[in-house]
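**Student:** Heads up: the sequence lines are chains A and B, in that order.
Here the first sequence is numbered in the numbering used here, starting from 1 and rising by one per residue.
Here the second sequence is numbered in the numbering used here, starting from 1 and rising by one per residue.
Note that these hints are calculated values from the structure, not bench results.
From a predicted model like this one, the values you see are computed outputs, not experimental measurements.
All residues carry an ideal CB built from backbone N, CA and C; glycine is no exception.
Just so you know, not all the hints are guaranteed correct.
Per the computed footprint, the stretches of chain A lying under chain B, defined by three or more beta-carbons under 8 Å from a beta-carbon of chain B, are [stated by the list, open to error]:
1. 35-46
2. 106-115
To list a few chain B residues with every Cβ distance to chain A over 10 Å, as calculated [stated by the list, open to error]:
3. 7
4. 65
5. 67
6. 70
7. 75
8. 79
9. 84
10. 85
11. 92
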Amino acid sequence: GESVGLHLPTLSVQEGDNSIINCAYSNSASDYFIWYKQESGKGPQFIIDIRSNMDKRQGQRVTVLLNKTVKHLSLQIAATQPGDSAVYFCAENSLMNYGGSQGNLIFGKGTKLSVKP
Amino acid sequence: DTEVTQTPKHLVMGMTNKKSLKCEQHMGHRAMYWYKQKAKKPPELMFVYSYEKLSINESVPSRFSPECPNSSLLNLHLHALQPEDSALYLCASSQVVREDTQYFGPGTRLTVL
Numbered sequence: 001g002e003s004v005g006l007h008l009p010t011l012s013v014q015e016g017d018n019s020i021i022n023c024a025y026s027n028s029a030s031d032y033f034i035w036y037k038q039e040s041g042k043g044p045q046f047i048i049d050i051r052s053n054m055d056k057r058q059g060q061r062v063t064v065l066l067n068k069t070v071k072h073l074s075l076q077i078a079a080t081q082p083g084d085s086a087v088y089f090c091a092e093n094s095l096m097n098y099g100g101s102q103g104n105l106i107f108g109k110g111t112k113l114s115v116k117p
Numbered sequence: 001d002t003e004v005t006q007t008p009k010h011l012v013m014g015m016t017n018k019k020s021l022k023c024e025q026h027m028g029h030r031a032m033y034w035y036k037q038k039a040k041k042p043p044e045l046m047f048v049y050s051y052e053k054l055s056i057n058e059s060v061p062s063r064f065s066p067e068c069p070n071s072s073l074l075n076l077h078l079h080a081l082q083p084e085d086s087a088l089y090l091c092a093s094s095q096v097v098r099e100d101t102q103y104f105g106p107g108t109r110l111t112v113l
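Could you put together the complete structure from these sequences and hints?
**Tutor:** Following this line, the structure appears as structure tokens:
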């Protein structure tokens with residue numbers, strides 16, 4: 001989702017439910033995508049990645065879907081737990097980022113996931 | 001081991017102070033990064049080192065001075081900072097710069113008085 005000012009989009013889910021966090025990216029040349037989880041007071045933690053030659057990748061309790069036609073990325077978390085509460089960032093990587101400087105990440109604005117016990 | 005360490009965890013400094021932030025990784029990564037993150041915002045890239053050479057400086061003011069003494073260490077020297085420089089400073093590393101997962105440290109919470 002999009003953030004306005006200092007407000008992060010927030011997704012609130014019940015413990016045990018599935019969560020879906022969405023991300024729109026802008027650069028059609030982006031060819032590598034990463035999801036990070038950032039808990040309060042900590043650095044971003046790698047969750048899962050996907051390359052542009054794939055449209056789905058699964059990890060432990062997480063699945064990333066990539067739709068290059070509409071430039072959309074999603075993170076699905078199965079059986080969401082209180083420990084999943086955090087801000088989730090998508091990041092894209094493109095050879096064309098930063099005026100030709102290669103391989104640097106561009107972060108999305110982030111989504112705050114709150115899990116209700 | 002995918003650990004990037006950063007010291008100190010917290011730093012409070014005055015506008016006339018000189019201080020340094022330190023970052024270390026032992027994963028054999030040859031690309032290291034400094035990011036700045038303000039509250040409720042994504043990380044913003046400041047500097048990129050590739051094979052111990054500065055490859056990207058994202059128009060960062062000269063009061064921030066990076067240094068890469070060897071392939072495992074990355075420093076950020078701070079001098080004459082402003083209160084608006086208060087933020088979480090994150091270090092990251094990746095195998096190489098292109099299309100590689102970046103692993104982040106826990107960050108240094110900097111407060112400039």
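**Student:** Would you mind marking each hint as holding or not holding in the structure?
**Tutor:** Against the structure, the hints:
Under the rule that three or more residues need a Cβ within less than 8 Å of chain B, the assignment of the region 35-46 of chain A holds, with 7 such residues. With 4 residues having a Cβ less than 8 Å from any Cβ of chain B, the region 106-115 of chain A passes the three-residue criterion, so the hint holds. Every CB of chain A lies more than 10 Å from the CB of residue 7 of chain B, the least distance being 13 Å, so the non-interface label holds. Every CB of chain A is more than 10 Å from the CB of residue 65 of chain B (nearest about 20 Å), matching its label as outside the interface.
Every CB of chain A lies more than 10 Å from the CB of residue 67 of chain B, the least distance being 20 Å, so the non-interface label holds. Annotated as non-interface, residue 70 of chain B keeps its C-beta farther than 10 Å from every C-beta of chain A; the closest such distance is 22 Å. For residue 75 of chain B, the shortest C-beta to C-beta distance to chain A comes to about 17 Å, beyond the 10 Å cut-off, and the non-interface label holds. For residue 79 of chain B, the requirement that its beta carbon stay farther than 10 Å from each beta carbon of chain A is met, with the minimum near 24 Å.
Interface exclusion of residue 84 of chain B from chain A stands, the closest Cβ pair being 15 Å apart, more than 10 Å. At the 10 Å boundary, the C-beta of residue 85 of chain B stays outside the reach of chain A, the nearest C-beta of that chain being 18 Å off. With a minimum CB-CB distance of about 8 Å to chain A, residue 92 of chain B fails to clear the 10 Å threshold, and the non-interface call is violated.
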